[in-house]
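Novice: Could you put the whole structure together from the sequences, leaning on the hints where they help?
If you're matching them up, the sequences are chains A and B in order.
If you read the first sequence in this note's numbering, its first letter stands for residue 1, the second for the next number, and so on.
If you read the second sequence in this note's numbering, its first letter stands for residue 1, the second for the next number, and so on.
Think of the hints as simulated: they come from the structure by calculation, not from any bench.
Here's a subset of chain B near chain A, in silico, CB distances under 7 Å, partners left out:
hint : residue
1    : 166
2    : 168
3    : 171
4    : 172
5    : 174
6    : 175
7    : 179
8    : 187
9    : 188
Keeping only pairs whose Cα atoms sit at most 25 Å apart, straight-line, the calculated SDA-like set for lysine to any residue is:
hint : chain 1 : residue 1 : chain 2 : residue 2
10   : A       : 84        : B       : 101
11   : A       : 158       : B       : 164
12   : A       : 84        : B       : 165
13   : B       : 161       : B       : 180
14   : A       : 160       : B       : 167
Treat the numbers as computed from the prediction; the structure is a model and nothing was measured.
Where a beta carbon is used, it is the ideal one built from N, C-alpha and C, also for glycine.
Here are the chains, one letter per residue:
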Amino acid sequence: MSSQPSFLQIIDVYKAYNGKVILDNIDFQVSRGEFCTVVGPSGCGKSTLLRLIVGAEIPTAGRVLLEQQSVGPPDIHRGIVFQKYSLFPHLTVLDNVSLGLRLGGRPGSKEMSGKEIQEEATAMLEKIRLAEHGNKYPHELSGGMQQRVAIGQSLIMKPKILVMDEPFGALDPDTREDMQLFLMELWEQEKMTVFFVTHDLAEAAFLGTRIIVLSQFYTDDRGNGGQVNRGAKITADYQLPDTVSSTAVKQSKEFTELIDCIRREGFDPDFLQHAHEFNLKHPDSFQTLTREESGRD
Amino acid sequence: MGIHARPGKVFSILLAVLPFALLLIVYLGASEIRHRDNPADKLLPKISQMTAAVKHMAFEKNRRTGSYLMLNDTLASMKRLLIGTGLAALTALLLGLNIGLFPGVNAALNPFVTFISMIPPLSVLPILFISFGVDEAAKIVLIFLGIFPLITRDIRLAVYKLPREQLTKAATLGASQFQLAYRIILPQIMPRLIEAVRLSLGSAWLFLIAAEAIAASSGLGYRIFLVRRYLAMDVILPYVLWITFLGFVMDWLLRHIMRCFYPWYAASGGTK
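Specialist: Written out as structure tokens, the structure is:
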């Protein structure tokens with residue numbers, strides 16, 4: 001654990017539904033400006049982790065801190081983009097993008113006039129390359145365009161962190177790749193912190209400056225019987241080169257090797273690493289096992 | 001005629017007209033037969049008798065009151081219907097929205113609304129006449145009581161069905177709870193309200209006519225039940241057709257409001 005308190009901290013977080021543990025003692029932190037992707041097998045609790053960060057759910061135990069402040073219910077400091085339902089169907093594209101400014105504006109900024117709001121929303125439409133679609137309704141746009149609106153809608157509020165839940169999961173492969181490049185560009189321009197959940201390993205490795213693997217396939221000193229109520233843990237945490245500009249990298253040897261390695265570590269139900277052996281070399285990674293988990297005092 | 005049939009435009013219209021034409025033919029035939037037996041038959045009046053009755057009711061000033069009876073009846077009934085339905089829609093919108101959105105309001109009011117909705121409205125009509133008198137109020141309240149619970153429950157369901165993601169998203173855009181309810185949710189359920197009102201109009205007419213039949217001095221329902229005493233089918237039948245027509249026009253209007261003001265609704269999952 002680095003000495004500098006980090007931007008986003010998840011400390012000893014548990015989440016259980018009706019007694020069934022989903023997230024099991026999760027620890028990690030994220031630095032400002034990081035593009036942090038989270039992968040894991042389906043049902044491992046990726047989206048639950050994301051909802052804890054955005055505040056849509058509260059942890060059963062543990063703390064989620066953003067700039068040393070415990071996070072509360074969803075607020076203006078944390079933007080979100082879902083796979084679907086991010087847009088308001090009754091508003092035009094322009095109104096969807098300007099909604100946050102019209103509702104109450106950015107925190108700490110002076111009140112904006114209608115004209116200023118209009119101008120800023122139009123500028124955002126250009127940034128997300130939808131300038132000529134401002135007067136359309138969301139249902140008139142393609143899936144990729146809808147997600148660009150959803151991103152613009154969040155970005156206009158300049159959130160401290162942008163949280164994304166499988167945002168490109170419903171798109172066809174070509175659109176998906178376009179959107180990945182689009183998001184990379186935006187991320188570089190805006191210097192934003194992104195927390196990005198996906199089940200697509202290639203996507204996670206391509207986009208992220210860091211990739212966190214969340215998995216329920218591991219073992220520890222609590223034993224292996226059915227009585228052990230074990231949830232998912234972070235089983236691997238990689239730092240990635242953050243200067244990727246072309247999708248050609250997806251064909252490179254290192255890239256495919258990394259993906260194969262992650263697939264084995266995180267997605268193979270028969271490959272059970274002990275909690276001590278997790279690959280947590282990322283400088284922002286840390287692990288605080290309980291006595292029962294580690295078998296040590 | 002199987003499930004793969006795709007009737008053309010003209011053929012579709014022909015098919016639609018067919019049952020009406022059949023009904024008309026059967027009626028005319030039966031009327032003709034009865035009149036052949038008894039020229040003074042009142043049960044199945046001839047078209048000419050009905051037009052004469054309409055002419056008398058609609059286009060001649062009544063000698064006693066100096067007004068056009070059918071116009072008077074229509075205005076009286078429409079006033080009650082529109083006020084009753086309007087109040088019901090407004091109440092149901094606010095109730096349904098808050099019950100659907102806020103768990104506390106849901107806990108406090110949902111069982112109550114469900115209870116009210118189980119009361120057969122006509123069974124409380126005597127209470128209404130006793131407590132509100134036989135004037136306008138009792139009739140309006142009957143329509144209101146008759147249709148607001150159903151619309152409330154429909155609106156509540158519509159709010160429930162909104163994706164939870166929207167609530168989260170709205171909060172991350174800085175929406176207060178008040179803004180969430182009235183600027184984000186309310187406009188989205190307006191089309192659903194219109195749909196629910198469209199479906200409730202039939203019941204609203206039922207309650208209106210029932211109330212008018214029992215105690216009123218004007219109104220379409222009042223007239224039908226008044227002239228029933230003289231077996232005046234030549235008035236009753238045109239009145240029934242007129243009421244049907246009014247209902248049709250209101251439905252058509254609401255459908256068009258929907259299409260003009262909520263173009264996104266049909267496309268994002270609502271009915272056309």
